[in-house]
Structures are given as C-alpha cells and as structure tokens.
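Enquirer: Read top to bottom, the protein sequences are chains A and B. Per my numbering, the first sequence starts with residue 1, numbered consecutively. Per my numbering, the second sequence starts with residue 311, numbered consecutively.
The hints are simulated quantities; they were obtained by calculation from the structure and are not laboratory data. Errors might be hidden in some of the hints.
Subject to a maximum C-alpha distance of 25 Å in a straight line, what follows is the list of computed SDA-like cross-link-like pairs (lysine to any residue) [said to hold, decoys possible]: (1) B:K728 / A:I298; (2) A:K302 / B:L619; (3) A:K306 / B:L713; (4) A:K66 / B:K317; (5) A:K302 / B:P336; (6) A:K306 / B:L743; (7) B:K748 / B:M710; (8) B:K317 / A:K70; (9) B:K523 / B:Q702; (10) B:K317 / A:T299; (11) B:K367 / B:V408.
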Amino acid sequence: MNEKYRVSSSPHIRDKIKSSNIMLMVVIGLLPATVFGIWNFRHENAWILVVVTTAAAVLSEYIYEKLMHKPITINDFSAVVTGLLLALNLPPTLPWWMGVLGSVFAIVVVKQLFGGLGQNFMNPALAARCFLLICFTGQMTSFVYDGVTGPTPLADLKAGEAVNTMDMLIGNIRGTIGETSVIAIMIGAMFLILMGVIDLTIPASYLISFVVFIVIFGGHGLDPQYITAHLCGGGLMLGAWFMATDYVTSPITTKGRILYGVCMGLLTGLFRLFGGSAEGVSYAIIISNLLVPLIEKITLPKPFGKGGER
Amino acid sequence: MGLLTFKGGIHPDDGKRFSKDQPIRPLLPEGDMIYPLSQHIGAPANPIVKKGDHVLKGQKIAEAGGFVSAPVYSSVSGTVKGMEQHFNPAGNKVECIVIENDGEYNEVDYGPVKPMEEMTSEEILEKIGDAGIVGMGGAGFPTRVKLSPKEPEKIDYIIANCAECEPYITADYRRMLENTSDLVSGMRVVLSLFPNAKGIFAVEDNKRDCISKLQEAVADEPRMDVKALVTKYPQGAERQLIYAVTKRAINSSMLPADAGCIVDNVETLIAIHNAVINGRPLTERVVTVSGDAVQNPGNFRVLLGTNHLNLIKAAGGFTEQPAKLISGGPMMGFAMVTPDAPVTKTSSAILAFKKDVVSRNPETACINCGRCVEVCPSRIIPSRLADYARRQDIDSFVAMNGLECVECGSCSYVCPAKRQLKQAIGSMRKTALANKRKK
Ligand code: SF4
Ligand code: SF4
C-alpha cells in the first residue's frame, strides 16, 4: 500500500458537461430548422449545400490543424456548428462551391488565424455570410420559392405590402435555408434552453429592445401584424437564438449579455428601418461582436464584499 | 422564513450516502504515532521532549512557537523515538515527533477543573490556546487568536459552521447527531466571551435531523438559535456563511470580526467544550473514511497522530486499487501522495476514488460559456483571471480582483473545457499576496 498516488490541485471532482457535449447539443438544436429548410424548398441543391458546407468546415479545420502541426480539434463539434450555421444562412439555390468557400473562410480566416476555438471575436458563420454577400451579392440575395424568384416577405413589408404572418411562422416563404420557420427554430431553441446550453438573457434582451425600437420608430405603433412580421422575418429568430447566443463572441457576464442584446436589438431596428436592405440581423450581430470588449469593460462585476454579493 | 444562502455556488453529487448512517466508532491506533510540529497556520510548535523520553497521553510534547501558533499533545502513552521527516496529508515532508505507543494509554492527571462560571475570559482563552485548538474544518487557524478580536463587545454573532458543504464528508454530521450537547456546550463557552453575541448554528437543509436535534437542544438557550441554509457548495465558506446568516459581506481585506462575526466549525466547538469544561487538551477528532474504492465507509473517532493506513484498514480496506486518495473533501482537500501519513488537527476525511477524474479530463480551450462566472461565490471572472495568471500578468490580476478568490474550486468544477481555473488563480494569488507583503 505504499505506492505513490496521483496528485493534482483541488478540486478533485468535475461536472459531467464537456465543451463537445455542448456543441453537439447546438447541432441537435439546429436540426429542426435544417430538416424543415431542406423539405420546404424541395430543391435538391438545398441538402447538397447543407452537407457540403458543413463537411467543408470540418475538413478545413482538420487540414489547417494538420498543416500547422496543431492538435486536431474537430471532435469538439465546433466546426460542425459553424458549417451548419453558415449553410442555414445561405439561399437554397446557391452553388455548392460558394458554400465551401464560405466555410473555408469561416474556419481558416475568422477562427484559426485568430488562434482557434475561443479566440475569434466575430461569429465565423456570420462573418462568412457577410463575406459571401460582398463577393456574390447577386446569388446571395436571390430567393426562390416554388420555382419563382422574388422578394422575401420582409422586403415586401419594407415596400409597404401586406404579408402573411401565418406563413412566416410556419416558414413556407422565401429566405435562406434555415431562417424561414419560426416554429422549427423555436423547437430547437427550447431544447437548448431545457438542456441548459443557452438561457433567455441574450435572446430576450435582443428581441425586446428590437420590438421597442420598431414600435417607436416603425411608424405602425403597436400594430401586432407589423411587429410579428418583423420578428418572424429576415432571420431574426435564427440570429437571436442561435448566433447571438454563441458563447465565444458574446460577453461573459449576465449584465454584459443584457447590454449586448440591447445593442443588437437597436442596431437591427436601425438597419431595417433606416438602412438600405430589409434584413440587418447579420450585420447587427457582427458589429455587436466587435463591441464585446467594450461592453465587458463597462459591465465589470463588483466582487463579493465590495457590493457584488447581492 | 426562507432558507439562507449566497449568490453562485454549485450542486455536486454529495456522496454522503456512503457514510452518513455509520455511527462514530472509536479506533485505537497500530504502529508509531506521528505528530507534525505544524498542524496549523502560524509558527510551528517547538518540541519539548527528546528521544527516549517517556510520555503520557495528554502530555504536551511541543509548545506554541509564538502567539499565532498552537501546542501539540501526545495522544498515547509511550516512548519518544525522536524527530523525523514524514509526509503530512497534504503531501509535504515535514518535521514530526514520533512516539512508540505502549498501548497502555496512561493519561496525565489533569487535576480538578475550575468551573467555567468562575473563570475570567482571559482564563478561558488561555485554556483554549493551551489545549492546542485550531480551526479543525481545514483552515487550522489558532482558535485562541480567532476568539481574541480587538473589541469583543462588538461581536454580535458566533456562527457554528454546521454546513459541511464538502461532498462525502459526514464527520460533522455524525458529531451533530451524536454529540449535540457537547457542541451546544462549546457554543456556551464561546458565548461567555462575547457579552453581546448570539450563537447561531447554521446547518444545510439536507441535514434535517441535525436541525431538529439542535433545535431541541437550544430550546432553553435564550442566546442560541438554529438556522437552515440552502444546500449548495460552498455554503460553509466563511465569507459566504457569514453573508447567508447576517447579510453582511466581507472582502479579502476584512476579518469576520469586522462584520461582528466569529465562525467556528463543529469539531472545533466540541474541542473547546473538552478543553474548558473537561480540562482535556486536543488529542482526537472524528474522520470520515469514504469514496467509491472503500469497502465499508464510515466515521471514526481517532487519536491525532494515527496513521491513515489504520483508518483504511478499519474501513475494510479498498475494494480495488484506488487511483486517487484525498485528505479532506473532494472540492478543497489535498491529493495524498501516500496514505502513510498521520491524522492531524485539520484532517476531516480520507477519501479513496477508483478513478482520477482530473487526469481523465484534459484541459481544452475556453469557450467563454460564462459558467465559471455564474458559479463564482466571489463574483469575479475566473476565466479571465486564469488567463492573466497564465501570462503572469499580476497587475491585471489584482485589478480584476483576483485576490478576492476564496479558492473554493467551483469554477474548475463546472468548466466544460475542464480548465484548471482554481489552480491557476490560486497560485497567482499566492504570488500576488507575497509581493504585497514585501512592499
Ligand atoms: S475564482 Fe476562486 S472563488 Fe471563484 S469559483 Fe473559482 S476558486 Fe471559487
Ligand atoms: S467555465 Fe470554462 S469554458 Fe466556460 S467561460 Fe469559464 S473558463 Fe471558459
């Protein structure tokens, strides 16, 4: 009994949850929107785009790490999340190689060049989407539904036309693969909340401040039809529940997260009401990502015994 | 009234089921007795016996090495074998007095004990200090010093730390059930030193039986009360406990006395009772033996200086070769290099686990999930502080309140990236505190 035992610093027990479990749960949370999107557009390009874009994200992470002689981290599922999120943000008719290009950009430029998981200051999927928007504006903004190309409901709304909010809830409308069905997105989001992966702080502060903004400046007052259309359209739900809540690119404290949510709400409202395009969620989130260091600085918590105990 | 608590904290599996229903069993030691000279915070004790001396049980073998120090007593009768370097439970080789136990347990004649009512405060404090009592929950701060604040009349709460929030340990739990009156008596002694204080037994509400037992025991004690706390870790951490009970918050540069509080744990209060009411020095304590690799987990009353190997044997040995041994609780205890180490004043448990979860969970990159921030009872940002620690950036570490960490380990426990946050923050804290002292 006199052999030496393993020593390490306390604590000697650990919670079961691991980063890879969390990422895997995010993937599962995205599945309802993914499946709905592929079914909804009935366009074989949609599922090819989803599969190829996701695979490209994982593969480019693997190859990059291999070439740079870094430890291979693809089994933490974070590249799957990035690839899938990017795919859900693409129009169903986009040529698959553009999706691949987006994934490589997201993983290599936005994530790995900044030091890998946890070091990037912009959401890689969103940054890649914006990159593609700039490179391929035409393909990225052409939305087809039932074989007919046309504007998204939010563009209609901006043009002052009537929209069907029921369709927007269900998702049988034009848009990117994963953003159209509020119901599918909410099923996934509920799952993540129940599993303790995300909480309401960011989505609630985002959505509430956005609604307040459009009620005040939208020119339609409290018109429920108008508010619902804004909430359901333009990828706001996908953004608020799955991209704004990305751990790496959001503040670490609760207070910071509230302020971050408010920033996104106000920016989204600003872009939608006064900007050139009908959308605005992606840019609002990316700009808020960049504001995170500042937000964290002004929301530094007070420690216990110095006012922070309450 | 609702349960008392603080903000933050975690809910690990408490593991108490293994040993909680095992009554305290006295254990007589085998082999030599080993007494480290430093079983407390402060100056080590100075040996006053030499090789070949015959000593009795209850005889002082080392005297306090200063005001912040504590004497050490022999817990057996026998012959002094000499001074030796020996592993302590924390895994350090330290200077120890070794005594060959003659198995007779011949005890010192303590003489008549002066009734407490006739003693002055100074005499009571003297008695407590001379008995070698230190904080037996793990801190090891000399109790006499703790009980001597500048203005005793400004103390309005004596809090008995009955939280026992560390998983697996049930020593205090059994003490509360089996030695309730000694515990209350210890509180009575302490209250006699503080004319304006109220005695609060603060118990986590997973120990309902202790709460009712204590409530019964203090029914006729106008100055004592029992309060139920939410069950969560680290409910028994001094600052968090004081806050839960009084809603007064202290930071790292304050003492409990600044909030009018003094906190003592269960085992310490019982030792105070033994010293002042029975006139006995500190020679024993209760230790929990538990963990999934232990055959028959239980709670033992052991003589200080007993080898931990005795305890393992008394608990039926191991079911299989454990990967890890811990002295104390799994959250704040020490990983033992070897079980061949003596029970000291601060040893509350020895735990043996089949698996070492720490080495099975390598560190990965922080995903900024905020879980560490959510659970930190000190309301600081463990993730950022660990980054500063890694970069040896002391200034940012101090500016971001790294010194406020109570080293509870909650952050390391919850981190999904399995970062050793507490380890990084703890060692940086030590460096920063040392620097501060130098200035
Ligand atoms: S930073 Fe310190 S006080 Fe906070 S959870 Fe970690 S160990 Fe505990
Ligand atoms: S719990 Fe771990 S992964 Fe999460 S923010 Fe803290 S250090 Fe990072």
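Enquirer: Taking the hints in turn, state whether each one holds.
Expert: These are the hints, each one checked on the structure:
no.	hint	in the structure
1	B:K728 / A:I298	violated (28 Å)
2	A:K302 / B:L619	violated (46 Å)
3	A:K306 / B:L713	holds (12 Å)
4	A:K66 / B:K317	violated (44 Å)
5	A:K302 / B:P336	violated (48 Å)
6	A:K306 / B:L743	holds (19 Å)
7	B:K748 / B:M710	holds (21 Å)
8	B:K317 / A:K70	violated (40 Å)
9	B:K523 / B:Q702	violated (50 Å)
10	B:K317 / A:T299	holds (18 Å)
11	B:K367 / B:V408	holds (14 Å)
The structure fails hints 1, 2, 4, 5, 8, 9 (numbered hints given earlier, in ascending order).
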